[in-house]
Amino acid sequence: RKEVEQDPGPFNVPEGATVAFNCTYSNSASQSFFWYRQDCRKEPKLLMSVYSSGNEDGRFTAQLNRASQYISLLIRDSKLSDSATYLCVGTRYNNAGNMLTFGGGTRLMVKP
Amino acid sequence: DTEVTQTPKHLVMGMTNKKSLKCEQHMGHRAMYWYKQKAKKPPELMFVYSYEKLSINESVPSRFSPECPNSSLLNLHLHALQPEDSALYLCASSQGTSMVDSPLHFGNGTRLTVT
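Chains as they are written, first to last, in the working numbering: chain A, 1 to 112; chain B, 1 to 115.
Source of the hints: derived by calculation from the structure; they are not laboratory data.
Don't take each hint at face value.
What the hints assert, rightly or not - Lysine to aspartate or glutamate pairs mimicking EDC-like chemistry, simulated, CA-CA at most 16 Å apart:
(1) A/Lys-45 x A/Glu-3
(2) B/Lys-40 x A/Asp-39
(3) A/Lys-45 x B/Glu-67
(4) A/Lys-42 x A/Glu-5
(5) B/Lys-41 x A/Asp-82
(6) A/Lys-2 x B/Glu-44
(7) B/Lys-41 x A/Glu-3
(8) B/Lys-22 x B/Glu-84
Claimed, not checked - Estimated spans, in silico, between C-beta atoms of each pair:
(9) A/Met-109 x B/Asn-17: 35 to 41 Å
(10) A/Met-109 x B/Met-27: 29 to 35 Å
(11) B/Thr-5 x A/Glu-56: 28 to 34 Å
(12) B/Pro-8 x A/Cys-40: 17 to 23 Å
(13) A/Cys-40 x B/Met-15: 47 to 53 Å
(14) B/Met-15 x A/Asp-39: 29 to 35 Å
(15) B/Asn-17 x A/Lys-111: 32 to 38 Å
(16) B/Asp-101 x A/Lys-45: 17 to 23 Å
(17) A/Pro-8 x B/Glu-58: 21 to 27 Å
(18) A/Asp-39 x B/Glu-58: 21 to 27 Å
(19) A/Arg-66 x B/Val-12: 43 to 49 Å
(20) A/Arg-66 x B/Met-27: 27 to 33 Å
(21) A/Ser-49 x B/Thr-113: 32 to 38 Å
Said to hold, decoys possible - Computed from the model, here is a short list of chain A residues facing chain B with C-beta under 7 Å:
(22) Cys-40
(23) Glu-43
(24) Leu-47
(25) Leu-87
(26) Asn-98
(27) Pro-112
This one's a predicted model, so the numbers in the text were calculated from it and none came from an experiment.
Just so you know, even glycine gets a beta-carbon here, dropped at the ideal spot from N, CA and C.
With these hints in hand, go ahead and build the complete structure from the sequences.
Structure (structure tokens):
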């Protein structure tokens, strides 16, 4: 089982829609979670950190559910410019300690 | 604009060539990373430098050789690569060195093609 798993999509939604992605993680000791956005042929960019109490930034809301071991990203009032791949980041453990690890990404396409 | 600068943006090299990728950050971050990303896949960690010392090598073949000359610079020396090494190579930095507490700041990447 992968440490961090995401539905690859694509999620095709109309402008103005609300869309939500989930990301499951296997390492119950994970403490840090992030959502990154990656546009085609560009580098990943930090969208938001995910805190235990949840986190909201404008149209974006991230939440953590430790009991079920998943994090979510909610995008309200989708814009065309929201079209991108959204990467969930959790942690995995190796000999050197805990490491950040990426999910496979969820592709979002917002249509006019 | 990214605060992590990578050069070159594109690189085409033959399997017998030696080349180097360069990365620079001036945010005072103490950890720097090399990632490799293939098309439609997530970034895969290659190396981590913490306080200018190599702390993690994710079993990367020796044809990839990292170097950290100082706290702001990170190089990746390439020699005798294979066509399957063609990918986007991403440099990243983070403020903390615990590798999980601080988010990663990525450079624009170098798109490498091995012929």
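Here is how each hint holds up against the structure:
Among the hinted pairs, A/Lys-45 with A/Glu-3 is inconsistent with the structure: their alpha-carbon atoms are about 21 Å apart, more than 16 Å. Our distance criterion of 16 Å between C-alpha atoms is met by B/Lys-40 and A/Asp-39, whose separation comes to about 11 Å. Proposed proximity of A/Lys-45 and B/Glu-67 is contradicted: the alpha carbons are some 24 Å apart, above 16 Å. Pair hint A/Lys-42 plus A/Glu-5 does not hold up; C-alpha atoms about 22 Å apart against a cutoff of 16 Å.
A C-alpha spacing of about 19 Å is found between B/Lys-41 and A/Asp-82, which places the hinted pair above 16 Å, so the restraint is violated. Between A/Lys-2 and B/Glu-44, the direct Cα distance comes to roughly 13 Å. Compliance with the 16 Å bound is thereby established for this hinted pair. Using a Cα cut-off of 16 Å, the hinted pair B/Lys-41 and A/Glu-3 holds, with the two alpha carbons roughly 15 Å apart. At most 16 Å may separate the alpha-carbon atoms for a hinted pair to count; B/Lys-22 and B/Glu-84 exceed this at roughly 21 Å.
At about 38 Å, the CB distance of A/Met-109 to B/Asn-17 agrees with the hint of 35 to 41 Å. Checked against the given bound of 29 to 35 Å, the beta carbons of A/Met-109 and B/Met-27, roughly 33 Å apart, stay inside it. Between B/Thr-5 and A/Glu-56 the C-beta distance comes to about 32 Å, which sits within the given range of 28 to 34 Å. Judged by the Cβ atoms, the range 17 to 23 Å given for B/Pro-8 and A/Cys-40 holds: they are separated by roughly 20 Å.
The hinted window of 47 to 53 Å between A/Cys-40 and B/Met-15 is violated, with their beta carbons roughly 28 Å apart. Here the CB-CB span from B/Met-15 to A/Asp-39 is close to 31 Å, well matched to the stated 29 to 35 Å. About 44 Å separates the C-beta atoms of B/Asn-17 and A/Lys-111, a value inconsistent with the hinted range of 32 to 38 Å. Checking the proposed 17 to 23 Å range against B/Asp-101 and A/Lys-45 shows it holds: the Cβ atoms sit about 19 Å from each other.
For A/Pro-8 paired with B/Glu-58, a C-beta distance near 23 Å keeps the hint of 21 to 27 Å intact. In this structure, A/Asp-39 and B/Glu-58 meet the distance hint of 21 to 27 Å, their C-beta atoms being roughly 26 Å apart. Separated by about 47 Å at the C-beta atoms, A/Arg-66 and B/Val-12 satisfy the suggested range of 43 to 49 Å. As the Cβ distance of A/Arg-66 to B/Met-27 is approximately 31 Å, the hint placing it in 27 to 33 Å holds.
A hinted range of 32 to 38 Å holds for the C-beta pair A/Ser-49 and B/Thr-113, which are about 35 Å apart. Hint status for A/Cys-40: violated, given a least beta-carbon distance of 10 Å to chain B, over 7 Å. Contact between A/Glu-43 and chain B, as hinted, is supported at the beta carbon level, the nearest pair being about 4 Å apart and thus within 7 Å. Because the closest C-beta pair between A/Leu-47 and chain B is about 10 Å apart, greater than 7 Å, the hint is violated.
For A/Leu-87, the shortest C-beta to C-beta distance to chain B is roughly 6 Å, which falls under 7 Å, so the interface hint holds. Because the closest C-beta pair between A/Asn-98 and chain B is about 5 Å apart, less than 7 Å, the hint holds. Interface restraint check for A/Pro-112: the shortest CB-CB distance to chain B comes to about 25 Å, outside 7 Å, so the restraint is violated.
Checked against the numbered hints above, the structure breaks hints 1, 3, 4, 5, 8, 13, 15, 22, 24 and 27 and satisfies the rest.
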